[in-house]
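Undergrad: The primary structure of each chain is shown beneath.
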Amino acid sequence: SQTIHQWPATLVQPVGSPLSLECTVEGTSNPNLYWYRQAAGRGLQLLFYSVGIGQISSEVPQNLSASRPQDRQFILSSKKLLLSDSGFYLCAWSELRRGETQYFGPGTRLLVL
Amino acid sequence: GESVGLHLPTLSVQEGDNSIINCAYSNSASDYFIWYKQESGKGPQFIIDIRSNMDKRQGQRVTVLLNKTVKHLSLQIAATQPGDSAVYFCAETSAGGSYIPTFGRGTSLIVHP
Chain A
1 SQTIHQWPAT LVQPVGSPLS LECTVEGTSN PNLYWYRQAA GRGLQLLFYS VGIGQISSEV
61 PQNLSASRPQ DRQFILSSKK LLLSDSGFYL CAWSELRRGE TQYFGPGTRL LVL
Chain B
1 GESVGLHLPT LSVQEGDNSI INCAYSNSAS DYFIWYKQES GKGPQFIIDI RSNMDKRQGQ
61 RVTVLLNKTV KHLSLQIAAT QPGDSAVYFC AETSAGGSYI PTFGRGTSLI VHP
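Protein chains in written order, with our numbering: chain A, 1 to 113; chain B, 1 to 113.
Read the hints as simulated data drawn from the structure, not as lab findings. All of these numbers come straight from a predicted model, not from anything done at the bench. Quick reminder that beta carbons are idealized off the backbone N, C-alpha and C, glycines included. None of the hints are false.
Residues from chain B that face chain A, not an exhaustive set, calculated with beta carbons under 7 angstroms:
#	residue
1	TYR32
2	ILE34
3	PRO44
4	PHE46
Listed next, the in silico DMTMM-like pairs over lysine to aspartate or glutamate satisfying Cα-Cα at most 20 angstroms (straight line):
#	chain 1	residue 1	chain 2	residue 2
5	B	LYS68	B	ASP55
6	B	LYS37	A	GLU100
7	B	LYS71	A	GLU100
8	A	LYS79	A	GLU59
9	B	LYS42	A	ASP85
10	B	LYS42	A	GLU22
Make a model of the complete structure from these sequences and hints.
TA: See the structure below:
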């Protein structure tokens, strides 16, 4: 069966520090991969998606970037965090052919102080 | 998108009652619909899906109804339990579209014992 992992689960970082959140998927090949951000009590905001290694599409201009160095690995990064980067970050995967059902990871709670 | 910045609507029910959560969509080309459940501090989990060639689909204690004429989707939860308390999101995709599902605003379900 497929599983999706995210780490760390919680992170507290000072403003201006770098960020690296990691997501890995097991039990599937060539998945579509996604990064979402969710503010408290709000909906899901799509940040990036990837349909293959090295292929990244950005949905909103921002302080963050994403990379896919391996088929089942998706990384969310920032060189200098802003207060507004605080939130709940979710990674998800879906089958390659079409998005259809997305399966979400447990999320990373980021607090920028 | 619009759904990201708005506070979630809330539905409060008593334990044992039936719950109905509604979702409206705008894309008449959408042909696949999904309901997700997100518990506090966790990632969304798949509950049930339905394709546009169906009007109704039942799972364990949950039923999804699709009305394509008015572009409306609903999730019915029978005999609601405290463990059903969560935020519920609908999502839609369309054949020939992008890989990206469009998520609804989400509804917060609160079940009172």
